[in-house]
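Asker: Chain order of the listed sequences is A and B. Per the numbering used here, the first sequence starts with residue 1, numbered consecutively. Per the numbering used here, the second sequence starts with residue 1001, numbered consecutively.
I should point out that these hints are in silico values taken from the structure, not numbers from a laboratory. Any given hint could turn out to be false.
[What the hints assert, rightly or not] Stretch-level coverage of chain A by chain B, calculated; a stretch enters the list once three of its residues show a Cβ under 8 Å from a Cβ in chain B:
{"#": "1", "region": "15-26"}
{"#": "2", "region": "61-69"}
{"#": "3", "region": "94-104"}
{"#": "4", "region": "151-163"}
{"#": "5", "region": "247-254"}
{"#": "6", "region": "271-278"}
Using N, Cα and C, we set each Cβ at its ideal position, and we do this for glycine too.
Here's the letter readout for the chains.
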Amino acid sequence: MSEPAQVDVRQWLSGLARNSQRWARLTVLAGALTGLATILQMVLLAWLVHQIIIEGQSAAGLTSSFIALIVALLFRAAGQGMQSHFAARCSEQVRRDARRQLHRHWGDAGPVTLADASAGSLAREWLDHVEALHGYFARFLPQMFLAAIIPVVILALVFWLDWLAGIFLLLSAPLIPLFMALVGIGAEKVNQQHFEVISRLSGQFLDKIRGLTTLQLFGQTRSASDALHRRSDQYRRITMKTLKVAFLSSAVLEFFASVAIAVIAIYVGFGLLGYISYGPSADLTLFSGLLILLLAPEFFQPLRTLSQHYHDRATALGASAEILARLNQPTGANTSKPKHPQATPDNRISLSNVSLHYGTGKPILRNLNLSVLQGQSVALTGPSGGGKSSLLHLIAGFITPTQGFVSVFGNPPGQLAFGWLGQRGFWIQGSWADNLRLTCPEASDIAIESALRRVGLGSMLESRAQGIHSQIAEDGQGLSGGQARRLSLARIFVADYDLILLDEPTAGLDATSEIVVLEALHKLAESGKTLVFSTHHNALLALADRTLIVNNGEVRDA
Amino acid sequence: MHELRPWLKLIFQRRGRLIVGALLLLVTLLSGLSLLALSGWFLTETALVGLLLAAGSQAYINLYVPGGGIRFFAVSRTVARYLERVYNHNTVLQLLTDIRVALFDRMASAGQRERGGKTGAQWLSRLTADVDALDTIYLRVIAPAGLAVMVSLILVLAAWLLFSGTLAVGVLAICALALYLATRRVFTQTRPLSARLSDQQEALRGDVIEHLEGYAELTAAGRTGKHAGWLMRQARSVSRTQARVDSQAGWHQAVSTLLVNLAVVVALWSGAELFHQGQLSGPVLVLLPIALLGLIEVYAMLPDAFAKLGGTISAARRLNEQVTPGSKLGNRTPAEPHLINGNALIMRDLSVGYTGQAAILSHYSLTVAEGERLGIVGASGAGKSTLADTIAGILAPKDGLISALPCAYLTQKTVVFEDTVRANLLLGNPKATDAELWRVLELVELASRFTDETDRLDTWLGSAGNRLSGGEARRLVLARVLLNDAALVILDEPFTGVDSETRKRIAPQINRWLEGRAVICLGHGPEALLPSGHTVHLY
């Protein structure tokens, strides 16, 4: 997978954001309410202090102002609570959309292309990477807006109180983009470094855990533990070197915020003393002076919060890059699906003028015309890599031909449900019944039990107290390869499909499973099902009504 | 909470670092608080003096001490913050190492745990997530909570000294309540949710993996859409739970902020009364409310961290389960050679199988003489690997007697470590010289593979050996076992993934190399074995 460009990643993210603006807007609104209530709180605080100290009012005489202050505090708390409440919901739609996109991609890619990536990493993308978008949408983006709104309001207020103090703040305002960049670069670096180190450490650790048995067998756990320790320490020392520099950038923000407070305190103090003979300082009172001082930290607060959330952005960008790389992966399906000539039911599987090649490579199948009658059993044989599996995948609709049409009983392939038995059997954690109902939800208990008996899994059921409702992996032990394949076969029995496709149904099976599979296929063939299977197995070839040799892109009857 | 105890003990082994880090944090917080409080004090003082001056009276103000103080705190806040971040980050990275190494050591000594067939990768990813959850507990939970208590007490003390005892008690009560809401209450409210959240997420991960593994069958049956919808519903329920946790933390934070702000109001009110009675000067009146305002920032870090604590505790519990002793490897002392009279292995009436499960083989008896070659052939699921595990001592027999010489065991699973070729091979015999390593590589026809590499024996094998093909990796681990000079060698499917040409060439060479040692070779068919004296079939 190639890394998509940063621009594309951002575009994809903003595309997702567009669909879920409601909660984001509410979050910003609640955040703005919190900010305004905080400003009001500071105004009232400064005013009360002024009234008490300068005007000599008693607390009792200021009751109404005290009440107003408490009301402002209540608003602030409500705004704050609502902000986090809305923020929590912000990315719900985003995550849903991203997951839908992945599902759609999986569907377009089909089982064949999908099998190239490990299920674990695909699941990680669907689950963890999508989850990683949350912080960006819930915390970072709203805070971006708030970092633009609240400082402006404060600035306007300070200007009104004392323009010279306003200029002090404003002077730091052009620095804000600079701060942003500094903090951004710093935070990004910290993040990147931190995650890199953590993933390396985890990698080292997991590697040793994965091979723990081997280490134990050779009596080497002690030295492995020492190596783990040594290497971790090495990583730490390297990381700390870069972090020392990276932290400097946030220290700069901290420094400016502190200096702004100090400068304002000293300016206002001197102004109040009447030491400053120019500018608006003669009009300063304890109220306006104290208010400016109280507002100064609030001016920088949104920015500091933003820098705390910066790692959310970095995490989301990293995760999105991987998701996008997956989504951009060619699906193998030809984007322009050929129009199907007609959908009139007939009784055959037909391939007309079908060619298949991947990219510019050698064609897998060339100009193939083939017709299989309903109820026939067809064996595909030929050297490996000759195109047997591709032919099965075409009939299954897992891949689409580069040219030509495939029709299954008059329908496009994949339209009608059919039975599929791959080279690896498949089972889920759950009961036997769950496993069969996965593909056939309406199956009765009796049908399920008889299907399992038909594939020779009856003895396994008998050893369990709850029969088909007992967990497959009850004892912590799963199914062997052969047993899993038989379970898949049971799904085919229970569902009663007209068409059954099987890819090397007996390859690599133990003797018992092989007999069971052979008998089962025999029964299916006898009951009039259409069977198409690839095989080298003589017993299976004998079972077929018709044997086709697939080689070099060509198919001919044996 | 007792789940965290072993990990807290581990973390507190770095007591010195933790205390220094906490002190730096304290200095940072107090500097910020003092900067604002002192500025407020200074403004009030200047305002009062300014009024006197304006009225034409004589007044004196010392500008240097407060001015210097303000400048000092502005700088100390910045410097302390920087030092704190660098120092504590270093601590966290050290704790990260400590936790991983300790966990590894404990798992190594706890022995093998039997795990269900398909959970390997999932189990590892969960383990990683759980360890990560523990890494941050000091910096996110312990240090901020401790400091919040300390700073609050300092302010209560200030209230008592500067204002009145009654106010001090009031502030103490309000802060205690705010702190309780921001920590303990968030924790108890979200704990069941957080615990459920991690279970839901893991269940969902399993379901997504199954969805993908069964994609072909689901597509064939036309069920992918339905199944995907079911996954989406689960994901939605996970994000709903997550949203409830976040929202809980948010509201608790809001209320705790409100309480601190109310403490400010109370302090101002009571200060106003005291001021009115002439018991308090104006500048001091301003000092305490502004300092209390600074407390908001101190408390703000807590609710989020405590909302995650429930998940951290579940993580700790799962990790503790990993290190409770399982079936211990090597708890069977290898037999002394003279005890088994020239035999390498004696099994009498042996039953093998995993605990809680019917025996796969029972009443099995077998003797392997020193230097003998035995092949064991059987279908998948017949119990070959279980038997091999039992002989090697990884798995305790369910019943019966077994004594064996110390053995070298090639497991069915190919395990290549993310390390150099040399390090991978030396595991088999740490004392082996380079010449010996090359000889054994030659034997499995891998020598030329690495003579072409610039780093030769120091060639780095990437994650899980992914720079090697399956067959090459198999031959490398085979070479590792061959380096070991144990008198009994067990090879489970030695040639998986090795093409038949190569196999035919290297099998006789390996046979010669192992001359004089007892070899038990297991495989699905005779062709997968070394040339054997006699072969046993398992059904």
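Asker: Hints first: check each against the structure and report whether it holds.
Answerer: Hint check results:
1. 15-26: violated (count 0)
2. 61-69: n = 3 at 8 Å, threshold three: holds.
3. 94-104: holds (count 5)
4. 151-163: violated (count 0)
5. 247-254: Satisfied; 5 residues make the cut.
6. 271-278: holds (count 3)
Checked against the numbered hints above, the structure breaks hints 1 and 4 and satisfies the rest.
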